[in-house]
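Chemist: Between the sequences and the hints, there should be enough to build the whole structure, so can you do that?
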Amino acid sequence: MTALRRDNLGPGVVVFLLICGGCVASWFLVQPALSGTVAPGYDIERMVLYYSTLPRLATALLAGAALALSGALFQQVLRNPLADPTTLGVSAGANLALVVTSLFMPVLLGAGRDLVALVGSAAAAAIVIGLGARRGFSPYSLVLSGLVLSLWCGGLSAILIYLNQRYLASLFIWGAGSLAQQSWVIPVSLIWKIVPVAIVCILVIRPLSLLDLGESSSSSLGVKLVRLRIVAVACAVSLAAFVTSAVGVIGFIGLVAPTLARLSGARRPVQLILWSPLIGASLLFLADSVLQLVAGGLGDFLPTGAVTAIFGSPLLLALLPWLRVRHRVQHAAAVHERQRRWGVGKPATVALASVVVIVALGLFVGRGPGGVWSVPSGEFSNDILAIRTPKVFAALASGAMLGVAGTILQRLTGNEMASPEVLGISAGATFGVAIALFAVAPGFVGQFAFAAVGAITVLAVILLSSRRSNFAPERVLMAGIALSAMVDAVVGVLSSTGDPRAVLLMRWISGSTYMVDGQTATMELAIGAVLIAIALSARRWLDILPLGPAPSSAVGVQLARSRLALFGLAGLMTAAATLTVGPLSFVGLMGPHLAREAGLKRALPQMIGAALIGGGLMVLADLIGRTAVAPYQIPAGLVSALIGAPCLMILLGKGR
Amino acid sequence: MQISRRSLLNGAAAAAAAVSIPAPLLAGAGGQRIVSLDYGLASTLLSLGVQPVGISDLADWNKWVVEPEMPSSVVDIGSSHEVDLEVLIQLKPDIILTTPYLDQLLPRLQPIAKILRLEIFTPDGGPILPAAISATRKLASGLGREKEAEQFLTRSDAFFESCRARLAGRTLPPVALASFMDARHARIYSAPGLFHNALERIGIRNAWTRQSNYWGFETIGIEELSTITDREARLIIFEPVPPDVLPKLAESPLWQTLPFSRPGHVSVVPPALMFGMVNEAMRFAGLVTDVLDHDA
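Protein chains in written order, with the numbering used here: chain U, 1 to 656; chain R, 1 to 296.
Simulated from the structure, these hints should not be mistaken for laboratory data. Every clue listed holds true.
Quick list of the computed label-pair ranges, beta carbon to beta carbon:
| id | chain 1 | residue 1 | chain 2 | residue 2 | range |
| --- | --- | --- | --- | --- | --- |
| 1 | U | 370 | R | 294 | 39 to 49 Å |
| 2 | U | 602 | R | 122 | 52 to 62 Å |
| 3 | R | 205 | U | 23 | 36 to 46 Å |
| 4 | U | 361 | R | 31 | 30 to 40 Å |
| 5 | U | 267 | R | 100 | 52 to 62 Å |
| 6 | R | 263 | U | 202 | 45 to 55 Å |
Below are the DMTMM-like pairs computed for lysine to aspartate or glutamate, each with C-alpha atoms no more than 25 Å apart in a straight line:
| id | chain 1 | residue 1 | chain 2 | residue 2 |
| --- | --- | --- | --- | --- |
| 7 | R | 147 | R | 161 |
| 8 | U | 601 | U | 543 |
| 9 | R | 138 | R | 157 |
| 10 | R | 114 | U | 383 |
| 11 | R | 114 | U | 379 |
| 12 | R | 114 | R | 103 |
| 13 | R | 147 | R | 157 |
| 14 | U | 193 | R | 251 |
| 15 | R | 92 | U | 379 |
| 16 | R | 114 | U | 517 |
| 17 | R | 92 | U | 383 |
| 18 | R | 92 | U | 517 |
We put the beta carbon where it would ideally sit given N, CA and C, even for glycine.
Modeler: Spelled out as structure tokens, the structure:
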């Protein structure tokens, strides 16, 4: 009993402090309107208080609670401290639905923006859960397919925004999560949607806590695992969908609130699910009221969702060394072993041949004025080849590097979600470019320098912050995710202020090879060759390290040093690739997976396979992006996500 | 026989040339082939009597610029941020018009043709309309079209004066200019932007007095419209307006309290380009004048 009370004290104090802070801040907001004398007739200050300020604060409380509850449920069910409402692609699905609707069926938006977003997120959740069901809801495969879908939806909506940027400016705001209100409609409707779901949650809390005992033991207790997970996930998905469709993406709360609850002492599932919503509500309440005060002073528009992430992610980084990562039971399904269907030779040969064909196509196929398909000939052929060749080879080198980097990260962390983007290196480079664009506005070389500094800084921060944990995989991934979220947030803020420079940033983020010239491509090829060669020579480490600490030490591999070296190598490769073709994380996630699915399991064949697949994919993506809607260009990074994600989903679905 | 056949062929070739050539030959200033990477510069070119061979973002011209009409022979060279260099090379341009906004493209453009870089929207550039006027003169002198430029600027002056005259002798309300992004957010246009300058030029006060970024707009939550205290202020909304915005606003008690929500105090007008030059300022001034002239 005393233990229970001590467990609850920490989260209680956190909630109390956050609420106090929020009340103080919101008092400053509310007070001017209250102190004024009530003028007869037109009293705009009071109207703003009743119909804008107060509904906004109520929305903050509700949205915070719902997101945190959703995050806590996901983390509980997926048994993954990194899971949060966005991991299942709910918000990306909603976003895509909004983009598509506003472009092709604007009439439907009139019928209800919320409804459209809800349909999109439900569809996304259904796909992810459908794929997850085929693998018996293995926590990892669920998260992985969610992430893939999320990237796919994100890529597609980015392309649509990109091609119609000025029309869809509002989606920047929507994506960045603004809490601005002009009536009580949204908070009231949120209550009606959240309360029933919360009741269902209360009903499933106890059986959920049994889940935490691990798969086999709770099965023996007779808990209908699959059904319970479906209910819990459905609750979490609908909570996130309600909030997202009402006010946009405020993703970080769903990750931060359960983490805070855990750090402040809530350990049991029941406690986590009870305290997380309270912490989430008070956190968003505090954040939004402070934001309103600050924004009022600056006279600038700041979307809350993006700003909470800007402040939330460094907080998470700072908390990281103290985060207790439980040793979870490793599941059989997580490392999915399969019979090798072919030898190593056949898939490698097929991959190599395809890469050669794709490169040739990339060099010789294009479209002229008026969109005529053509092969370069006559007076312009040299000029045109001079434009295409660097793009093709830079794409090849970058894709290959990302593939190898992804292989290293996945083998090292034992986490299927690991990819260069999750590590946050590419996010760091993007951040560097963002600073360059908005603060200094240098030329092309300057942007390059900033990107490099950003990438290397992130790498250093990750390595330093995870050194204490001996580079435990979860810490490194968490640091990467925190940084990525921060970069996303900064970009969100910049975009929703409507500054036209945001378009430049968008292009860079979407992974365009447009700016690559001969010199860059040469450097890229050289760096790629050297780094990949080093990685291939480290194959022994990569075969041994995934077996775990004990076997590695037993055969004389120095754990910390080899991990540091490999992380460093993956980071460098990511930075080099990101510098020329943007943060094209998807290839880094896809290359290793496709290689493994093709039967390349050991380190050396998997790396070679991933390099070929990654390189070929990038070149193909570049070709498609250059020609599909010429003279307008779709960035190669987005195209690669669109080609690769369905492939990966099909493979995931088949994998049984 | 041979001679007659050759003359026949020559005649046919000449006829074919006469049919296929006209646009580009009539177009250039002194036969120069010009490509514009900016809407404002492209429309200014037309006003100087010069037809570009290609412009960027041509596909969206009618969505944003509308006037003057772009001739159908002009080639689309893709997004201004990522001009299709392969198409650009094949157009064989002599001059490429660009702005500081697209400076990062310069290294790729310089080998292709002579660059004419005109500054209109710059962080410390001040009011946009005067900057656009001086950019027009600079463009004209770069193309040897000074006379046409002065004629065009005189025409535009006369147009602004005619707007001013149409509104003269009335008590004009201050006007707020906005584009709605969704039912909760809007962009509002103010100093030092093009729309603000054009308002001043025709003698109308901008109801939104706060300075904005150097592009001349600011993103706000709709409740911030309540900071406009003048009860007589008018709100002019530019198309495109997302379809759910007006119905949702009508339901909002806060919106109903705003002076704009009264009948006759809000108008929706066709699109006008906020990031343009003199032509766009004229189109804007015409639209606003029509609105105010109509309801008085």
